[in-house]
Every structure is written in C-alpha cells, then in structure tokens.
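Use these hints to put chains B, C and D with the ligands onto chain A, whose structure you have.
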Amino acid sequence: MLTFVVFSVRRAWQGFWRNSLMSLAATATMILMLLLLAGFWIIQTGLNAGLQFIEQKVEVVADLNDNAPADQLLQVETTLRGMPQVASVTFVSKDQALQDFRARLKARGQEDLTGYLDTNPLPNTLEIKLKNPQDYGNVVDYLDGQPTVVSQVTPIQNLVNQVVTVTNFLRTVGVVVLILVGLTVLFIIVNTIRLAVFARAEEIEIMRLVGASDAFIRWPFIFEGAMVGLFGALITLVVLAVVATPLQEFMYGFFRVLPLQFGTLVVRDLTLLVVGAGVGLGVLGSYVSVRSYLIR
Amino acid sequence: MLTFVVFSVRRAWQGFWRNSLMSLAATATMILMLLLLAGFWIIQTGLNAGLQFIEQKVEVVADLNDNAPADQLLQVETTLRGMPQVASVTFVSKDQALQDFRARLKARGQEDLTGYLDTNPLPNTLEIKLKNPQDYGNVVDYLDGQPTVVSQVTPIQNLVNQVVTVTNFLRTVGVVVLILVGLTVLFIIVNTIRLAVFARAEEIEIMRLVGASDAFIRWPFIFEGAMVGLFGALITLVVLAVVATPLQEFMYGFFRVLPLQFGTLVVRDLTLLVVGAGVGLGVLGSYVSVRSYLIR
Amino acid sequence: MAPGSSTGLLRHPTLAGDRPPETTSERLVLALRDVAKTYPNGRAALRDVNLTVPEGDFVFLVGPSGAGKTTLIKLLIRDELATAGQVLLDGQDLGRLPRRQVPRVRRKVGIVFQDYKLLPRKSVWENVAFALEVTGTPGRRIGPAVDRVLRLVGLAAQARQLPTQLSGGEQQRTAIARALVHDPRLIIADEPTGNLDPLISWEIIQLLLRINEMGTTVLMATHNAEVVTALRKRVVGLEDGRVVRDEVGGAYHRED
Amino acid sequence: MAPGSSTGLLRHPTLAGDRPPETTSERLVLALRDVAKTYPNGRAALRDVNLTVPEGDFVFLVGPSGAGKTTLIKLLIRDELATAGQVLLDGQDLGRLPRRQVPRVRRKVGIVFQDYKLLPRKSVWENVAFALEVTGTPGRRIGPAVDRVLRLVGLAAQARQLPTQLSGGEQQRTAIARALVHDPRLIIADEPTGNLDPLISWEIIQLLLRINEMGTTVLMATHNAEVVTALRKRVVGLEDGRVVRDEVGGAYHRED
Ligand SMILES: Nc1ncnc2c1ncn2[C@@H]1O[C@H](COP(=O)(O)OP(=O)(O)OP(=O)(O)O)[C@@H](O)[C@H]1O
Ligand SMILES: Nc1ncnc2c1ncn2[C@@H]1O[C@H](COP(=O)(O)OP(=O)(O)OP(=O)(O)O)[C@@H](O)[C@H]1O
Ligand SMILES: [Mg+2]
Ligand SMILES: [Mg+2]
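As they're listed, the protein sequences go chains A, B, C and D. Quick note: the first sequence uses the numbering used here, first residue 114, plus one each step. Quick note: the second sequence uses the numbering used here, first residue 114, plus one each step. Quick note: the third sequence uses the numbering used here, first residue 635, plus one each step. Quick note: the fourth sequence uses the numbering used here, first residue 635, plus one each step.
Note that these hints are calculated values from the structure, not bench results. Among the clues, some could well be false.
What the hints assert, rightly or not - Pairs of lysine to any residue, SDA-like flavour, derived with a Cα cap of 25 Å:
| no. | chain 1 | residue 1 | chain 2 | residue 2 |
| --- | --- | --- | --- | --- |
| 1 | D | K751 | C | P797 |
| 2 | D | K756 | B | L322 |
| 3 | D | K751 | B | F120 |
| 4 | B | K242 | B | L164 |
| 5 | D | K756 | C | E714 |
| 6 | C | K751 | C | W836 |
| 7 | D | K751 | B | W332 |
| 8 | D | K867 | C | E860 |
| 9 | D | K756 | A | L397 |
| 10 | D | K751 | A | D208 |
| 11 | C | K756 | A | S405 |
| 12 | A | K244 | A | V174 |
| 13 | D | K751 | B | E318 |
| 14 | D | K751 | B | I408 |
| 15 | D | K742 | D | N846 |
| 16 | C | K751 | D | L796 |
| 17 | D | K742 | D | A665 |
| 18 | C | K742 | A | I408 |
| 19 | D | K751 | D | A791 |
| 20 | D | K756 | A | S405 |
| 21 | C | K756 | C | R782 |
| 22 | A | K242 | A | D208 |
| 23 | D | K742 | B | E318 |
| 24 | D | K756 | D | D713 |
Pulled out of the complex, with its shape left as it was, chain A reads as follows (with noise of 0.2 Å):
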C-alpha cells in the first residue's frame, strides 16, 4: 500500500514536470482564482468585522441627573451589568464627556466655544453596550423606571432598527458574494485541469489498454492535482505575504475607524482556506476529470 503511494507521487513528479506546459498553466489558474478567494474573504472578514464595529457603537445612552444619589446610581448599574442582553456597562463623567467633546472640535479644527460657558452643560451619562443591538427593549424599560437616577434615554431606537437591517443585509450579500466566488473558482478550476488532462486522453487510453487498473491511473493523475493546488496554494501566500503589510498600512491610514489589523487566528484561517481550497479543488479537478476517461 505505503509503496503504491510513494510510486504513484513520484509517478504524479514525473507527469507534473513531463507536462510542464500544462502543469503550469494550470498553476496560473489555480493561483489567480485562490488570490480571487481569498481576496473575497478577506473582504467579508473585514467587512464582517466593520460591522461588528458598527453594532458595537449601538448602544443606550442614558442622561443621568446630576443630583442622581449615588448609593441608587450604583444599584442601577449593578442591576444593568447583572442584565443578560447587556455587553457592558460605561459611566462617563460630565467633566469627561466635556474633555473628549473639546478634543473631537479640535480634531476637527472648529473653535471652541465652550471655554465661554458659565458651567458644564453636558450630564453624566451610563452607556451601555448590548450583546445584540436587538435586544435594547428591557434595558430601555428597566431604566425608563429609575426617575430618580435617569433623566433620559436615548435608545436610538431608529438607528439601531437601520443599523442592524444595514448590517444583517450587508452580510447577507458578502456570504452570498462569497459562495458565487467560491462557486466560481471551483468551477474554473476544475475545468482547467479538465482540459489539462484531456490533452492526456491518448496516455490513459493506452495505459488502459496495457492492462492498468483504474487505480493505477487514476492516484497519480490525484498526487498530480494535488501538487497542482498546494504549489498554487503557497505561491498565492507568498503573493499576499507580500501585498499584506503595505495593504494594510494603506487600508489602516484611510478607515482609523475600522479595526482592520489582521491577527493570527484570522492569518491562520487564510492559510486554511487558501492551501485546503487549492489541494481539494486540484485534487477534486483531477479526479473528476480522470474519472470521465476510466468510466467508459
């Protein structure tokens, strides 16, 4: 069994190198379609974790009074953060709230007026994040009953309705992108090393006719798929390897909004997606393709 494998690889080297033409055409291919993939998925990744950005700046603002006493201010943040819709819970200050609205005019380059003012006109405020933008109704309820505490609630209940529709429709049409991609480079794929192997239809015939089993041709045409695939595999990760950093300088100057650094696990996920992408579409092509001659 070990020596059919071993025998059938290095049978695969040979015809990989003995059909070079074809072999590399076929690389080509299956490089510029893993690149396409990946490139789609990066894209869906990012756009996945934009939104998640997005929905993580939805939350409910409540205006505390300034006389609030604080023993009940405490219960009712206790309460919130005991809430299982709630993500978290953050109590800003009047004074801080002052500080980051003076430093967002001075980003901007606006005066600022607020030097002029007699005091504070900014309240305290409790904002809290929801695990999902949805579920804003109880906490909205909850703190609409804490008069004492709470001025007013701003649940930006519209925003949140649009922003999740935007989102939800958004990666609706990023999965459905993805699969039409993916379907795409699968088919493309395939049916390169279609045409790679139908250039060979004489050598199976004769291998057949000399008394091959379909085994015997049939796993080298595989290991030869495969090795199609894992080259094209690593030669798109050195490709993106080498876009990455610049890309991502350039992506990270423009959105500093958006969380865009890539970390390990997301690297790893690429690295994944892109090597078992490229063996199991060339060893699938290949299969599939030598099937069609042995199946007659």
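Chains B, C and D with the ligands in isolation, oriented as in the chain A frame:
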C-alpha cells in the same frame, strides 16, 4: 480574400463542434469570467452613481437674516447663480423648513414638540449646490462678505473634505479592483484557450507539414476564438437579463436612497463591454496560443 | 502462470477445413463463437466468425487490408465488444466480464498494436517497464527484465529516448518489447513487422517462435507473405469479415 | 509546374559507385551536399551524405531500421534542419529558406509519412482535400480530384470515415492519396506499403510507377525487398547514417 474568410469561418465552425468538449469548456470559462467582469463593472457603476449622489448632497447652506432686504437677497441669489462653481441655488423659506422638519420627525416616529413654539426658530436659507464639491472657497468668501443678508454660512467644510476624500478613495479602489479583475479575466480566458489549443498541437503540426501557410492555419483558430467569445458573451447577456429585474427590485427595495436604476445607456455600455471583452479575449487567446505553435 | 509448462509443442488438427474440430482435451486460450462486429457507423467488420486457439498454438491471421484482423484482435482484449456471439479468453466470456476485471484479463496478454500505442512522454525503457508496473511487479525485478527484453529486440542503445525520437522500426520494436516483457501466456501481435527491415523481421519472428516453443500461445496478424509461407504454421484467412480458411501448415496465399 | 514535361523516362548514370556523377544538363530536383544531421540528444542520424536526384528519377531508399531514412526525408521537407552541409530542393537551399517560404516549398512535394500524420478530426475525404485547400485550389475543382484519387487507392467506400475508424492499411492509403492529389512534381514516400497486403502494395507501386512515367520524381524509403528487387530501379542504400551504395538497377540486398 472573401473566399478565404468564408472558408476560414466554415473551418472554424467545424473546428468548434468537432472539438466540442474543449470548445464548451472554453465557452463555460468565458461565461463565468464575463459574468465576473460584468458584475464588477455594475458594482463600479453603482458605486460611482452612489458617490455622485453623496457628493451632490454636499452644499453650502447660508442662513439668512429674517430682515434681509428683498432686493439685496435677490442680488445675492443672482450673483451666486452666475458663479461658475455653482450648480444650483435653492431658496428655502423658514415655513418650508419647519414643515420639512416636522415631516422628518413624524417619519422617525418622534414626538413633535414644535407645536409648542411661539415663533418659528428656523431661518430662511439658501441651499447652494456646487459643481465640484472642492470649490466651496469662493462661494463661502462671497457669502461672508454679505452680512446684511447672510447671518451664518455653513459650508460643512470638514464634511466636504471628508466626503471628497472618501469618495475619491472609493473610486480609486473601484477602478483598481476593476482593472485587477479585468487582468484576471484576461489571463484565465487566454490560458483556457491555450490549453484547448494545446490539445490540438498535433493537428497544427500536421497542417504545417502538409504545406499550410501560417495564415491558413491561424485564421480558423482566430474565428473559433471569436465564436467562443461571442457565444460566451451572448449567454452572459441572457443570464444578466434574467437576473437583472429581480436583483434590481431587491436592491431598490433596500437602498431606497440610491438611484440604482440602470438606464438604457448603462445597458448599452454593458452589452458593449461583455461582447467586446468576450470576442476580444477569444481572439487574443487564440492568436497567442496558435502563435506559439507557428513560431517554431 | 505457467509460461514454461510442457504444453509447448502441440499437435494441431491437420485438416484444412473452415473450422478445425475442437479437441476437448486441449485447453482453449481463445474461442470465438458466431461472433459478429458491426461498428456504430454501420460497417460490418466481422460476420459469423468461429475460431478456437488451443494453448501453445502459433496462428497467423492473414487477409487483405480492411478484412477485419485488427477488429478481431480488439475483441480479444475487450477494446471493443462483439455485437453478436461470444468471445472467450481463457474460458472467460469477455462480453460478461465486469468492467473492473478487464485490466486483469489484459495483463495476461502481451499485445503489439498495429499503431504501437506507446506512451508519448515516457522513454523506451519506461514504456516497457510500464507493462511490468501495472502487474505490481516489485521495482528490483523490473530493471533486469526490461534491460533483457530491450537487448532481445536490439534497442539497448535507445533505452532513454522518447517515442518521438525513435525511427518507425524502433517504435515498433519498443511495442514488441513491451508485449514480451511480462512473460504473457498469450501474445497477440498486429502487423508487428510492417516497419522492420527483412533481417530484423526474421529475428523478431524467430524470437516469437522460441517463445512459442516454451508454451506461449501466439496470434499474429501479418501481411508478410514470405514469413507466413516459409513457416508453414496454422494460417487463418479473413476476407471481408469472414473466416475464409483455417489451415495448419498453410501459405500466405491460398493454395488450391 | 511542368508535371507532364518530357523529361519523363530519364537515362541515369549507370555506375554503381557511392555517388553518381552529376550530369549538369539534367535538372536536379534534390541535392544533398555533405549533409550531416545530429539530433539534440547527440545521436548522429546522418553523416557525410551526398545525393542528387534528377528530375523524373525513381529512387528506392533502403537500409536497416534506424539507418536514417526518415531523417533524410525530414531534411528534404525542412521538418528538420541539417546540422552540416546543404540540402537543395528544386535548387533552393532549405537551410537558408526564410520561415515564411517553407509552406510554399512543401506544397511542391507530395509526402507519405511513415506514421501517416492524418488530421484526426477530419474524414478521409477532408484529409485528402486538405492538401488541395492549402494550395488555394478553388472548391469546385477539389471535389472531383479527391474522388478520383480515393478511387485510385481503393478508399471510395471509406471517404466519410475518420482516421480512428480506419484499418491500418486504409490509413496508409489515405496518406498516399493525400500525397498524390495535388499532382506534385516530387513524391516522397516513407515506407508506404508497410501496412498493406501484397496485392494492394503492388497496385500502389504500379500507381507510383505510372505517375513517375509522366515525369514526376519519386523517392521511396522501403523495406519491401520483393518490390525493390523486382523493379530494378535506382537504389540508394543507407547504413548507420552513411550512403553505402547508390546503384541504378539494384536489388534490395547488396549483390556483390
Ligand atoms: N472504429 C471504427 N468505426 C467504423 N469502422 C471501422 C472502425 N474500425 C475499423 N473499421 C472498418 O472495419 C473494417 C475492418 O477494419 P480492421 O482494422 O479490422 O482491418 P484490418 O484487417 O486490420 O486491416 P489492415 O490490414 O489494413 O490493418 C475496415 O473496413 C474499417 O474501415
Ligand atoms: N528526434 C530524434 N531525436 C533523437 N534521435 C532521433 C530522433 N529521430 C530519430 N532519431 C534516431 O536517429 C536514427 C535514425 O532514425 P530514422 O528515423 O531516420 O531511421 P529510419 O531509417 O527511418 O528507420 P526505420 O526504417 O526504422 O523507420 C535512429 O537511431 C533514431 O533513434
Ligand atoms: Mg489492422
Ligand atoms: Mg523511418
């Protein structure tokens, strides 16, 4: 000459059908790649339309003094209309503005408190749209020089800058992606046709040995490539036509704001793109492939 | 496998009828019963063919171009299926053979194709070795066997060349080497000397005769009148798809 | 073109030397001067070959398998280039011929390849017609010419079949038909009867003789000893890449 063309086309037709397996594989690749190209082109066009729409929203708003003399106001309006940078000038009366505001509140389901107002706190305004959103400088300067009429100018300066940067960026990205996709499509199609022709290398060799001139061999292949391109383009167009209406409705239902209706002009451009790319790439692919066998 | 079995030099029925009687005591390597083959385009290449070849026989298959010799051979290795009748190889009905069994049956046979059918991207050596590899012969035994058979057909010097780098005769000899290398019990050769000069032709024939004497059955389609007439072996004549004669000790041309 | 010119039955120099003297009065269709051919893999297939063929000649090219016959023929149609020496066809130095002129030169020659080289997806009829189409013959003249030549080689019934649907001999005859159909001034046939039965072989040879008598030059590489010896035409013997004899009225085997 004409005989030669007719003869070559006949041989191309024969060649297409006698190598139907390869021709159909090449055509299938062609279709998928053209769909990809068309998809990106549509996205790019839609993006451009969207960006244009956003840029059109950028305007300079001049709040007017309630007691501005009518003749001076008229003169300001006339001068603005005469400025080359200005696309349009709209006078919005304070009553109109209040109505709009109320309508907006109602649409958002918010409580309308404006009923309790004694007077209308909103000013009359002039909304000035610019041809090029970056050219707001002169307009703002002029308005600032009319203190009797204009109480405050809101050029949304920063917003303008930001919007322009974002739209320019997205436009650039769109074009770059379109070019990359275009190159991918080019390569994949040429490569596929190369593989298809490769399987017929022996045929080309025999033709040469029997005394066929290069042109005699080449033209049928080129017409065959054109056929692959044309068939592919036609099927692509059919697919696009079938998909267009539901997709458009879906998009429209969602992005109510964006004018994503495709006019006949867009349809014409798309048809030209698909047919041109299909036939062009088919011919190019055949030319390149056959050339490599004729050059030796 | 019993290549060296003592069934070697067999006595054949000596009548010159259309169909030698089947002596049940002998094992039949090949048997065609009422076989007809009509190609999908409607051409009837074989009609009512009855033919039996006992083990150890040496049979020349002769007949004009287009008589159906190659078609008959294609039936024997199940490259084509008979449209009527039975084709038995080693007692197995090829028409009923499941697809998966076909390679095993083909490996029993050494076949020289009229158009050689060499693997275009393998060298002479690799082409010949291939016939051993498909049988699962261990690598260390392949080398010596291939070298030996290449020396037998006079191609030792060309071992590393690709088929496209060979002369016509060298290609033909590669095909012959591949058919012999795995010591098959049955050798089917379709016009194996068409591109060989008379000297090498005779050497190849002598080689086949020697192999036949060791017990291997040989069926050879040929136009080489000189060889057929000189050897006086069994001659099966095909014409227009029909067996028109089956003589032991016959000449190439009919002698009546 | 002067296919029917009266240079028909030429007198040849009758000495049996290695190289017949060049009679300057005769037009040379072929001339090889000190030609050598070494293949990229280092095999020397031809060495110091000198050979001239005047118009109207009928030459047999003989020699053992691998002697270099096909290589010589490949040089004549510039399929390969000589590594040394000059190859002249109709007075044109093929080594200096610009690439674009090659098809024009090849069209002057009718060539039967040892491996036929039929277009795999064209029918017999189309394969033969192809040789006329490349010369730009108008369509209405192609039909009758193809039908006529197919009748000559006995393939009228197979006209619609593809090469894969032909017997070996039928493929060979298709190749012959294609070489004859455009009335070339020079016919080069590489082992054209290897897959034909003796009867059809003789018919083809007779056909070539008749065509030769009309003034067409014929060069034929063959292993068919019977034919060569019977006809007593000019025989050029190759061995190991060298011309070892050049006799008018020779036999297949050396007669000293
Ligand atoms: N695949 C096919 N489809 C249709 N007809 C075929 C096919 N193969 C062979 N034939 C026809 O069947 C007949 C017998 O062919 P076959 O190859 O058996 O002849 P053969 O005796 O081997 O001749 P040769 O000596 O020329 O090789 C021929 O007339 C041929 O045209
Ligand atoms: N493309 C090639 N590359 C390397 N060697 C070659 C090539 N073609 C032919 N040869 C070698 O050159 C020698 C002469 O070959 P050629 O085909 O001319 O022989 P031939 O006289 O036609 O023989 P045959 O009668 O067998 O057809 C052979 O030994 C062959 O192996
Ligand atoms: Mg045959
Ligand atoms: Mg030869």
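Holds or violated: D/K751 with A/D208, Cα cutoff 25 Å?
92 Å, violated
Distance restraint between C/K756 and C/R782, which requires alpha-carbon spacing of 25 Å or less:
19 Å, holds
Restraint status (C-alpha distance of C/K751 to D/L796 at most 25 Å)
18 Å, holds
D/K756 paired with B/L322 [C-alpha distance capped at 25 Å]:
With a Cα-Cα distance of about 16 Å, the restraint between D/K756 and B/L322 holds, given a limit of 25 Å.
25 Å limit on alpha-carbon distance, applied to hinted pair D/K756 and C/E714
22 Å, holds
With a cut-off of 25 Å on the C-alpha distance, tell me whether D/K751 and B/F120 pass.
23 Å, holds
Check the hint pairing D/K742 with B/E318 against an upper bound of 25 Å on the C-alpha distance.
Judged against 25 Å, a Cα distance of about 18 Å means the pair holds.
Under the criterion that the straight-line Cα-Cα distance not exceed 25 Å, is the pair D/K742, D/N846 satisfied?
At roughly 15 Å apart (the allowed maximum being 25 Å), D/N846 and D/K742 satisfy the hint.
Distance restraint between A/K244 and A/V174, which requires alpha-carbon spacing of 25 Å or less
Answer holds: A/K244 to A/V174 is near 15 Å, not above 25 Å.
Starting from D/K867, check that the Cα of C/E860 is at most 25 Å away, please.
With a Cα-Cα distance of about 22 Å, the restraint between D/K867 and C/E860 holds, given a limit of 25 Å.
Hinted pair D/K751 and B/W332, Cα distance within 25 Å:
Since the Cα atoms of D/K751 and B/W332 sit roughly 22 Å apart, the hinted pair holds (cutoff 25 Å).
Please verify whether C/K751 and C/W836 have alpha carbons no more than 25 Å apart.
Holds: C/K751 and C/W836 sit about 23 Å apart, inside 25 Å.
Comparing the model with each numbered hint stated earlier shows that hints 9 and 10 do not hold.
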